Amino acid sequence: MSKQYAPHEPEEEVLSVEDAFRDAERSEARWRAFEREEYLRRVLIELPEPAYLTLEELARRQKQTVPRLIERVIGELLVTFAPSAGAAES
Amino acid sequence: MSEVLRLGDFVGIIWLDFIHEFASERERGGTMNSSQLRVVISNTGPIISALQCDHMHILRQFYDVIHIPASELPEYEKHGAGQEIQTLIESGFIVVHDDLTASEKEAAQAIAEEISISPVSRDKEPSHHYPEAEAMVLMSRTDLEAMELLVDELAAREVAQRQGTAIVGFPGILIRACKQGLMTPEQVRDALQECQRQGTHYSIQFIEEIYDRLRRF
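From first to last, the protein sequence lines are chains A and B.
Position 77 of the first sequence, counted from 1, bears residue number 86 in our numbering, the numbering being contiguous throughout.
Position 58 of the second sequence, counted from 1, bears residue number 474 in our numbering, the numbering being contiguous throughout.
You can take every hint at face value.
Derived list of chain B stretches under chain A, where covered just means 3 residues or more per stretch with a C-beta under 8 Å from a C-beta of chain A:
no., region
1, 460 to 468
2, 488 to 498
3, 537 to 545
4, 609 to 620
Listed next, the stretches of chain A that the computed footprint assigns to chain B, with coverage defined by at least 3 CB atoms under 8 Å from CB atoms of chain B:
no., region
5, 14 to 20
6, 23 to 37
7, 40 to 48
Hint data in this document are derived by calculation from the structure and do not stem from the laboratory.
Note that the coordinates shown come from a computational prediction; the quantities given were computed from them, not determined experimentally.
For every residue, glycine included, the Cβ atom is placed at its ideal position computed from N, Cα and C.
I would like the entire structure built from these sequences, with the hints used as guidance.
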């Protein structure tokens with residue numbers, strides 16, 4: 010049996026059943042988004058050192074920053090592959 | 417084809433945001449601490465409910481840090497939970513803030529006033545709502561990076577929602593735990609019944625309806 014605690018503001022109205030389910034749904038969505046972002050953060054920050062050093066070297070040679078270089082590479086990948094992938098599916 | 421392009425746009429947008437933020441962090445020689453904490457701010461009610469039904473472990477599974485304003489501490493003492501809160505503070509799970517600025521305190525006073533005059537508030541004394549008002553003020557601190565405010569009382573929730581604050585109540589946390597398979601519908605019902613037995617204002621109908629819906633889920 011758990012310890013007894015005095016009730017908190019027992020005179021105040023608490024949320025409805027609809028509120029409770031809406032809370033759960035929105036909270037779940039919030040934390041799913043958080044975890045997705047966290048995964049991407051890990052991928053980039055924990056990139057193994059040789060790979061990151063290579064990126065840094067490439068960026069330095071092109072007089073760019075690493076973020077700008079990755080942004081450009083991904084942009085080019087999307088331009089190259091997204092339309093052809095779509096054509097392959099259709 | 418258009419779906420692929422939309423997917424591409426989506427992936428691109430996410431990546432571009434993160435590339436800038438985190439690659440810049442690495443270039444600055446930033447920390448390699450890759451784990452961002454799951455941070456929330458809580459009003460007294462949900463923490464008391466978790467203690468009442470002995471389900472603090474569910475909060476610990478969902479969150480890494482809970483920030484609370486120091487003005488809540490006397491409430492925990494009043495509930496007989498002072499020692500438990502002290503233990504949670506010492507473990508680092510709960511972080512207490514007694515550093516509100518003059519303007520933050522002023523904002524909290526205004527929020528407490530707003531809660532007290534809410535049509536759904538039965539307690540019309542603003543000072544009684546000051547701790548939840550301070551919790552709402554902490555939500556506006558960007559450095560804490562809190563994702564949501566844990567709050568159950570209807571009046572405080574309404575004011576928080578008007579301010580655009582992301583909120584979740586203790587029953588919502590239990591429902592989420594059930595949907596993730598961390599609790600059975602029966603365990604959710606038993607937990608809410610225990611809170612009710614100890615005086616939390618959950619009606620029998622409220623608990624049974626949550627149980628029924630979770631069983632059908």
